[in-house]
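Participant: Residue numbers (the UniProt record's numbering), protein chains in the order written: chain A, 1 to 301; chain B, 1 to 242; chain C, 1 to 236.
For the record, the hints were derived by calculation from the structure and aren't laboratory data.
Away from chain A, derived, C-beta distances all over 12 angstroms, residues of chain B: (1) PHE22; (2) PHE51; (3) THR52; (4) ASP130; (5) LEU142; (6) PRO178; (7) ILE180; (8) TYR192; (9) PHE230; (10) TYR236.
To give an idea of the interface, some chain A residues facing chain B are shown, with a C-beta separation under 7 angstroms as derived from the structure: (11) LEU53; (12) ILE73; (13) LEU76; (14) LYS77; (15) SER81; (16) VAL83; (17) TYR89; (18) PRO90; (19) HIS91; (20) LEU92; (21) ALA100; (22) LYS103; (23) ILE104.
Short derived list, chain A residues pointing at chain B, Cβ under 10 angstroms: (24) VAL79; (25) LEU105; (26) VAL129; (27) HIS148; (28) ILE154.
Even for Gly, the Cβ is constructed at its ideal location relative to N, Cα and C.
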Amino acid sequence: MEYVIKTEGLTKKFGKETAVDRLDMKIRKGEIYGFLGPNGAGKSTTIRMLLGLMKPDSGMVRVFNKDLKKERIHILKRVGSLVENPSYYPHLTAYENLEALRKILRVSEARIHEVLEIVRLSDVAHKKVKGFSLGMKQRLGIAVSMLHQPELLILDEPTNGLDPSGIIEIRNLIQRLPEEYGMTILISSHLLSEIDQIATTVGVISKGKMIFQDSIHAMRKHSRQTIILKVNDGKRAEHILQGKGIYANYQDSMLLLSKLSDQKVAEIVRMLVQNGLAIYRVEEKQSSLEDIFLQMTREEA
Amino acid sequence: MRYILQSEWYKLRKSKIIFIIFTSPLVGLFLGLTTQLVNEMEGNEWYLSLFTMNVTYALLFLPLITGVLASIICRYEHQEGGWKQLLALPVTRGKVFVAKYVLLMFLVLFMQLLYFVAIYLVGWINGFTDPFPMDIVWKSILGGWVATFPLVALQLWMSILFKSFAAPFTVNVIFTLPTILAVNSEKFGPYYPWAQPFAMMNVGGNVGDVFFIPWEQLLTVVGGSFLLFFIGGYMYFQRKPV
Amino acid sequence: MLRQLLVADFLKIKRKGFWLLTFLGPLGVVALQMVNYGLRKDYLLQQSDNDWEYYLSNVHSFTPLALILGIAIFTSIIANIENETNAWKQLVSLPVSKMSVYLSKFTALASLLLVSSILLMVFTLLFGVFLDLGEEIPYVELFQYSFYPYFAALPILSLQLWIAIVSKNQGIPITTGVLGVVFAYSAYYLPDWMIWKWPSLMNAWGEPVVNALLGVGLGCVLYLVGMFDFVRRDVK
Ligand SMILES: Nc1ncnc2c1ncn2[C@@H]1O[C@H](COP(=O)(O)OP(=O)(O)OP(=O)(O)O)[C@@H](O)[C@H]1O
Ligand SMILES: [Mg+2]
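Based on the provided sequences and hints, a complete structural model is requested.
Facilitator: Below is the structure:
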């Protein structure tokens, strides 16, 4: 299988603290890869290493099947990026910012207008960027990352500071890119809800370690169903079940049972009824992706 | 490389660097018009004027202002993540460093040319009638420029290292102030890199050579310190985390 | 209120090298004479009948330059502490008056420079005694050469602080500092009204105290001008 990005044992330390710990990341062509993790998990540090901005302490990065260490320039010609807060030259206008980069990237001047149009900044193209709002700067950052029509787009929290309509706009834009331009996209976020509608694959990082990496469907399957029982005397029911070695948890006048087979559920119900308890409801609850994500990162911590 | 230079120039053009460049002829005019000594010397009246102007210009102004230029050329990279953006482009760090250095040296050259104009204006305002000592003036203008090669390299290094203006400037001041004493010393003056602009612009030095200082001194002191500072800065930039 | 602000300002300038520079400035000025006298003491002692006086004037030849450059560096760093973190907006939205914010910065720097001047006096005296320049130590001159330049430089402090605080681009105050040192080095030729001449203690009357008094007076005026301009401006 050919990967657009493939890292092996990627590690970065800051002093004693290990910010990225033996990370193996695999991204296939055409994927929208959601890179998830709480604050300080090591997302930005990983992305910096993917771009060669920081040198890893150990491990390897391959992009387009080429060694980043050896063919950095070659790789970067095909990569667009936005790392953490958007970068810009405050004394230049939006147009001039793009022009300064265009001189190095050697794309046509028309492309500047195109990307400004895409992020809807055409109206303020000739305004100095130091006068931009946070969201406008973010859009400019996205415009910059797409200037040279990259095959791989690396976006570190690109919706930071955008208003709801801006978030939807950018989300729609990102969703279109793989189909229309054959791009592959790596997008980081600390909110699963932000990307669960567009990501095809997710990687979850916590404390520098990759704790989950698979398709978004697999992540959904990972979700644990919970059986909820509502009975007249929860305390007693809990006691009875625990006596039989079944772990139950009584809270908020509900009895929570982790995922069980249908037969087992039937058995439990029978047992409770035989003990003279009244059962009002038996429900199954699917935990949301956000719950799973929180669960995963909490378990790790 | 050409493209990086073009891009650097484009960014720089829009900064306020031009005002700083134009302080050079203004300082030249100020020095030429206020520091009038009574002309007791025999010979060309341009010489005395040149001499008094060049002392302060080469001793203090030129070394200090080149540091300011170096800081300006790095300022907008430090400000809002410029390094991060620039170095994620398909460019090598080495080329970025060289481009910034080359651009700086062009700016210093341009400043020296403006200073040349100032020298001419001073003579014109003072109504000098003696012939203009073209070769000597050129010698000191270009010599002063060559002498800043190592100084600019160190200042570029410091400006990449420090975000603030004040820190590289402090380094610059610490090295520049002792020059005032160093040039009085026959033993130390010739070996002190910061004294070289003065030595190179000091009319009345050794007139026989191409510049006012001997070739050996030029190659060892200016050349040697240039290599040291340039390579130091270059290596540092390779490893700078952004 | 001013006291809390001052405490805060002294906290903020921690680890920014202020104390080091406060110490390094006067040490550097005297160290240059150590090198000077170390290399050619005999020659220098021949230059004058009054060795102490001559030594003091040698030290003093660098004091104005160091003062002016030091002021440019200090004002630029202190303004930059707020600029680089965009902290002006936070500082000014505290329940304090903008005037006291400005006064606190000025007071902090003026105190540091005063400490520098005291250190200058101490270092000058110590090295002078070490050089064994004679029994009669001219304490009055020592005092004058150590503190008059400080008072005479107050207008420059006011001006540089003003420029540094209102400039987004710290290249501007630093360049002003470079021009200032060029002026100070040409002090001999400057007209008396140029403030960069004042720390040299030269004037038409040959009375150094005039420069110190003028310095305090104009320093206050320029301070007020800068402060009112700061108060008037929007905080970005
Ligand atoms: N330059 C640095 N020096 C020291 N430590 C650093 C540096 N950069 C990052 N770290 C540390 O590395 C860890 C990971 O930081 P990183 O910025 O990669 O997190 P992140 O996942 O991007 O977080 P966020 O969601 O807040 O952006 C943090 O603990 C941080 O303190
Ligand atoms: Mg981050």
